[in-house]
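Undergrad: Each chain, written out:
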Amino acid sequence: MKKVFESEWVSRLIDGLLPVFATLAALLVGAVMLLFLKVNPIEAYKALWVGAFGTSNAFAETLVKATPLLLVGLGICISFRGDVINIGGEGQMIIGAIVATWVGLTFTTLPGWLVITLAMLAGFAGGAVWGGIPGVLKAYFRVNEILSTVMMNAIAVQLMNFLLRGPMIDPAQAELASKIPQTARLLEIFRLPRLIPTRLHLGALIAVILAVLVYILLWRTTLGYRIRAVGQNPHASRYAGIKVPRYIVLALLLSGAFSGLAGATQVFGVNYRMITDGSASGFTGSAGFNGIVAALFGQLHPIWSIPASILFGALLVGANSMQRVVQVPSALVIALNGLVVVFVVSSEIWRQKRQRRRLSVARQDGDSPPPADEQPVPHTEAGT
Amino acid sequence: MISDLFSVTVLVGILASGIRLATPYLYAAIGETFSQRSGVLNLGVEGQMLLGAFAAFYVTLTTGNLWLGLMTAMLVGALMGLAMAYVTVNLQAQQGISGIGFYLFGLGMSDLLFQKLMGTVETVKGFPKIHIPGLSDIPGIGEIFFSQNILVYGAYLLVPIAWFVLNKTTLGLKIRSVGENPDAADSLGVNVGRIRYFTIILGGILSGVAGASLSIALLNVFQQNMTSGQGFIAVALVYFGAWRPTGVLGGALLFSLINALQLWVQVLNIPVPSEIAVMMPYVLTILVLVTSVSKVRAPSALSKPFEREN
Chain A
-8 MKKVFESEWV
2 SRLIDGLLPV
12 FATLAALLVG
22 AVMLLFLKVN
32 PIEAYKALWV
42 GAFGTSNAFA
52 ETLVKATPLL
62 LVGLGICISF
72 RGDVINIGGE
82 GQMIIGAIVA
92 TWVGLTFTTL
102 PGWLVITLAM
112 LAGFAGGAVW
122 GGIPGVLKAY
132 FRVNEILSTV
142 MMNAIAVQLM
152 NFLLRGPMID
162 PAQAELASKI
172 PQTARLLEIF
182 RLPRLIPTRL
192 HLGALIAVIL
202 AVLVYILLWR
212 TTLGYRIRAV
222 GQNPHASRYA
232 GIKVPRYIVL
242 ALLLSGAFSG
252 LAGATQVFGV
262 NYRMITDGSA
272 SGFTGSAGFN
282 GIVAALFGQL
292 HPIWSIPASI
302 LFGALLVGAN
312 SMQRVVQVPS
322 ALVIALNGLV
332 VVFVVSSEIW
342 RQKRQRRRLS
352 VARQDGDSPP
362 PADEQPVPHT
372 EAGT
Chain B
551 MISDLFSVTV
561 LVGILASGIR
571 LATPYLYAAI
581 GETFSQRSGV
591 LNLGVEGQML
601 LGAFAAFYVT
611 LTTGNLWLGL
621 MTAMLVGALM
631 GLAMAYVTVN
641 LQAQQGISGI
651 GFYLFGLGMS
661 DLLFQKLMGT
671 VETVKGFPKI
681 HIPGLSDIPG
691 IGEIFFSQNI
701 LVYGAYLLVP
711 IAWFVLNKTT
721 LGLKIRSVGE
731 NPDAADSLGV
741 NVGRIRYFTI
751 ILGGILSGVA
761 GASLSIALLN
771 VFQQNMTSGQ
781 GFIAVALVYF
791 GAWRPTGVLG
801 GALLFSLINA
811 LQLWVQVLNI
821 PVPSEIAVMM
831 PYVLTILVLV
841 TSVSKVRAPS
851 ALSKPFEREN
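Quick note, the sequences are listed as chains A and B, same order. Under our numbering, the first residue of the first sequence carries the number -8, and numbering increases by one thereafter. Under our numbering, the first residue of the second sequence carries the number 551, and numbering increases by one thereafter.
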């Protein structure tokens, strides 16, 4: 037992599989909850699976739901790598959608491709502003970004409600007594093209391309390197001459921008208008939160976030079919998502322990066993 | 009209509802103050409140016993706190993110249970107003301060108690030392993990009460996501109040009074869009965070997991 305990390869594989174990654990807890609700978990999960992957339409729907998760998740990869916790995805999506919708409803005489491009850029910019504000507050006024982004969410919701009930309301609705708070419908030529004869739209492809670009940004450019350096050690970064506040702002700004784009694609690819039920999730479907879950699951890696987003898109779509088939409220999936987050961050400790053990074994040239305190500690101290 | 705002009846009304509305913030934010002073950022407050609100409401609805409802909310909060403590103390998980996980869990779980067990929005008779003899008859003052329900009084009583425990007791000293310098505290024989377990569970219990104060004392209904961000605001109020119970009290009152003001603005049909009015407390919170936070230092070990060095 004096040599390396496990090869680098096995170790990496285990690290990669930790989120999968975390999900399985969450599904197991979900099964217990289903039993308490007197529902057969196998039937429920089967309905979930069929609803998400059963037909090509179902799978397309899964990808449609995965698209905003991936876009928000890409932003989360950037900000969390920079050690900035952006909880403001919901608000950033809303602002991005509002700005994009405004472009789509204003420039009705321009060609379709141009308006779509402008609207996507506008959504990107709108989200960037909404993320950049907490960034500036954190970098220069030391305001905790978790709190400011949550406040910005609440402000964005009210702004949306105000605009959709007033200045941006569909002129047709303004005439009616019902006054449904929604904008006019976008012209047909402004819709994001569909990829196959389902509801799957170009936004999904854009998201995947952007995932590659974010990977390049984070690991192949100076900007990305600096964002990550600031995230790992702000003090060392400062001594290395990196202007830390600037990269904090950039991390939040870029993060917000991707959420803004997610909001824009929802309007131009799925709903073709904005409508509000008064809450944030009424518009976003909580993608601003679930995108965090997807990115964490993808270990904050843009490429791994692609399958992670598909998984959580599938859970969301499947939850609806589960609700239909076995009458389990789809809220179960929100609770399970929460558990996945808790389990994924909790499992980090094993990854770190193994990493440290690897290092210490490497240091000691494989001649002596690792020090006792770096052995995996059994968790018997619960409740002490 | 604007001038209506300045009549005595309306001012008394604003103050009375402001005092009342501060209740859930006080419970949740005082609980969060304890955990943050010991170095733990609990972002799951919102989820704990939602589950507490549901537990209190459902038990009250089925048994008719308000106190049993309140106790259940405390128990649920304590269990959520226990889970959070295990994850952040034993597993040393990143606190901010695991808090979001617990938030989502509480959000989904309370919704799921609501739909499965109740299905429709119902109401209960919540804690009644207690008119303090003599004092409640004072015009104005009586309505504002001495005609509230027991959970409102409890929330204000909690502030001096929390101040005393944190500043004047050995336990408080231990909590603060664990939050400022866990290594030093550890070397002096303070059990860092145990103190953090205590504060996180206490925070969970108080968040449960905060939720209960909404569902069985102030609003007397339960709806999906009924806390609508109040748990997050409670966390913000801890920063706002510079990690002191008295500061938290000031923040909670300011926030609630502005909220009460905007409610009355809507009641009186003053021509301000209601959405803009609802937005104001959040804008104000950000502004106050900008002006106050930079002057006060957070507990040094806040959100850092403690690992004993051998």
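Among these hints, one or two may not hold up.
What the hints assert, rightly or not - A few chain B residues facing chain A, derived, Cβ under 8 Å:
#: 1; residue: L641
#: 2; residue: I647
#: 3; residue: L657
In short, the hints are calculated from the structure, not lab data. No residue lacks a Cβ here, since even glycine has one placed at the ideal position from N, Cα and C.
Undergrad: In ascending order, which of the hints set out earlier in this document are inconsistent with the structure?
TA: none
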